[in-house]
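Asks: Residue strings, one per chain:
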Amino acid sequence: MASVSITRKVEFSASHRYHNPAFSPEENRRIFGKCNNPHGHGHNYVLEVTVKGEPDPATGMVLDLKELKQVLQREIMERMDHRFLNYEVPELSGQIPTCENIATLIWRLLEPKITRGRLERVRLYETPDLFVDCYGETNAGGAR
Amino acid sequence: MKLQLARRYRFAASHRLHSAVLTEDENWRAYGKCNNPFGHGHNYVLEVAVSGAVDPATGMIANLVDLDSFVDREVIEPFDHVYLNEDVAAFRERVPTTENVCIEIYDRLRKFPQAKLERVRLEETGLNSFEYTGERGESRP
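Note that the protein sequences, when read in sequence, are chains A and B. Take the first sequence: its position 28, counted from the start at 1, is 28 in this note's numbering, and no numbers get skipped. Take the second sequence: its position 42, counted from the start at 1, is 186 in this note's numbering, and no numbers get skipped.
If you're looking for bench data, these hints aren't it; they were derived computationally from the structure. Do not take every clue at face value.
To be verified - Computed list of lysine-lysine pairs in DSSO-like fashion (alpha-carbon distance at most 27 angstroms, straight line):
#  : chain 1 : residue 1 : chain 2 : residue 2
1  : B       : Lys146    : A       : Lys9
2  : A       : Lys66     : A       : Lys52
3  : A       : Lys66     : A       : Lys113
4  : A       : Lys34     : A       : Lys113
5  : B       : Lys146    : A       : Lys52
6  : A       : Lys113    : A       : Lys69
7  : A       : Lys69     : A       : Lys34
8  : A       : Lys34     : A       : Lys52
9  : A       : Lys113    : B       : Lys146
10 : A       : Lys69     : B       : Lys260
11 : A       : Lys34     : B       : Lys260
12 : A       : Lys69     : A       : Lys9
13 : B       : Lys255    : B       : Lys146
14 : A       : Lys52     : A       : Lys9
15 : A       : Lys52     : A       : Lys113
Said to hold, decoys possible - Now the in silico label distances, taken between C-beta atoms and shown as ranges:
#  : chain 1 : residue 1 : chain 2 : residue 2 : range
16 : A       : Glu26     : B       : Pro200    : 17 to 23 angstroms
17 : A       : Thr127    : B       : Ser213    : 14 to 20 angstroms
18 : B       : Glu237    : A       : Ser24     : 49 to 55 angstroms
19 : B       : Gly270    : A       : Ser24     : 43 to 49 angstroms
Claimed, not checked - Here are some, though not all, of the chain B residues that point toward chain A, as calculated from beta-carbon distances under 7 angstroms:
#  : residue
20 : Met145
21 : Lys146
22 : Leu147
23 : Gln148
24 : Ala150
25 : Arg152
26 : Lys177
27 : Pro181
28 : Val198
29 : Gly203
30 : Met204
31 : Ile205
This one's a predicted model, so the numbers in the text were calculated from it and none came from an experiment. All C-beta atoms, glycine included, are put in the ideal place defined by N, C-alpha and C.
Taking the hints into account, I'd like the entire structure generated from these sequences.
Replies: What follows is the structure in structure tokens.
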């Protein structure tokens, strides 16, 4: 049977700040630049979640998109939308909330919730010109 | 965790598709209006993806300041607002099709010191794009 990839997109708006308390104020400014602004700043994040699998012969679907939509709402939107990521997302505490770290967290949150097919890729856009692709631990993203 | 960081850049350039090993007729047949002797231009969009370990201290695969300045120096500066056939030495010998431009950009960017280059994707227009991920089994210098 042929495997098909299915992608669902959601958008959330959130603020963040890049700051490592182990660095001096000068180092923080040098390494993080404007992203070190004490009061933070925000983005309209665009998240694309791709699930791969064989369509169920009975329904013709890899997975029920409605179910994926609910998972995204519960796991991602309610956790991150209109939040200050540094202070309001406990899973990111102690980390710099870069696109890399947020995408990794999103992968970890979603992977166990995908019950049909398997999570293939999490793509998180911080801006239209900057995004991160996460392929998990085993799914080698370089093999294209 | 396998992660790739991707960034989009823009440059505008002109080119002419004309091969020295083809006759005038063959050039016209192969390239059509892209063979126009005076050239023509595009707004290219360049997508660069790199991979590597996320530094726990910064949360980053590579600092964007480093990536941006490297891409700017190696590609945007020499490619933006130029006639590729004449102003970029590599294309005096090779036809600047977007395939060849893509490969040339890859070869320039694979020397990025802070992360591993995964792919170069180049949009010639919003309707066509080209992607190059290097030779299989290629090792970095």
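Asks: Determine for every hint whether it applies to the structure shown.
Replies: Each hint, compared with the structure:
no. : hint                                    : verdict
1   : B:Lys146 - A:Lys9                       : holds (21 angstroms)
2   : A:Lys66 - A:Lys52                       : holds (16 angstroms)
3   : A:Lys66 - A:Lys113                      : holds (13 angstroms)
4   : A:Lys34 - A:Lys113                      : violated (36 angstroms)
5   : B:Lys146 - A:Lys52                      : holds (17 angstroms)
6   : A:Lys113 - A:Lys69                      : holds (12 angstroms)
7   : A:Lys69 - A:Lys34                       : violated (34 angstroms)
8   : A:Lys34 - A:Lys52                       : violated (38 angstroms)
9   : A:Lys113 - B:Lys146                     : holds (19 angstroms)
10  : A:Lys69 - B:Lys260                      : violated (34 angstroms)
11  : A:Lys34 - B:Lys260                      : holds (26 angstroms)
12  : A:Lys69 - A:Lys9                        : holds (9 angstroms)
13  : B:Lys255 - B:Lys146                     : holds (21 angstroms)
14  : A:Lys52 - A:Lys9                        : holds (15 angstroms)
15  : A:Lys52 - A:Lys113                      : holds (14 angstroms)
16  : A:Glu26 - B:Pro200: 17 to 23 angstroms  : holds (20 angstroms)
17  : A:Thr127 - B:Ser213: 14 to 20 angstroms : holds (18 angstroms)
18  : B:Glu237 - A:Ser24: 49 to 55 angstroms  : holds (51 angstroms)
19  : B:Gly270 - A:Ser24: 43 to 49 angstroms  : holds (45 angstroms)
20  : Met145                                  : holds (5 angstroms)
21  : Lys146                                  : holds (4 angstroms)
22  : Leu147                                  : holds (5 angstroms)
23  : Gln148                                  : holds (4 angstroms)
24  : Ala150                                  : holds (5 angstroms)
25  : Arg152                                  : holds (4 angstroms)
26  : Lys177                                  : violated (31 angstroms)
27  : Pro181                                  : violated (35 angstroms)
28  : Val198                                  : holds (5 angstroms)
29  : Gly203                                  : holds (3 angstroms)
30  : Met204                                  : holds (5 angstroms)
31  : Ile205                                  : holds (6 angstroms)
The structure is inconsistent with the numbered hints 4, 7, 8, 10, 26 and 27, although it conforms to all the rest.
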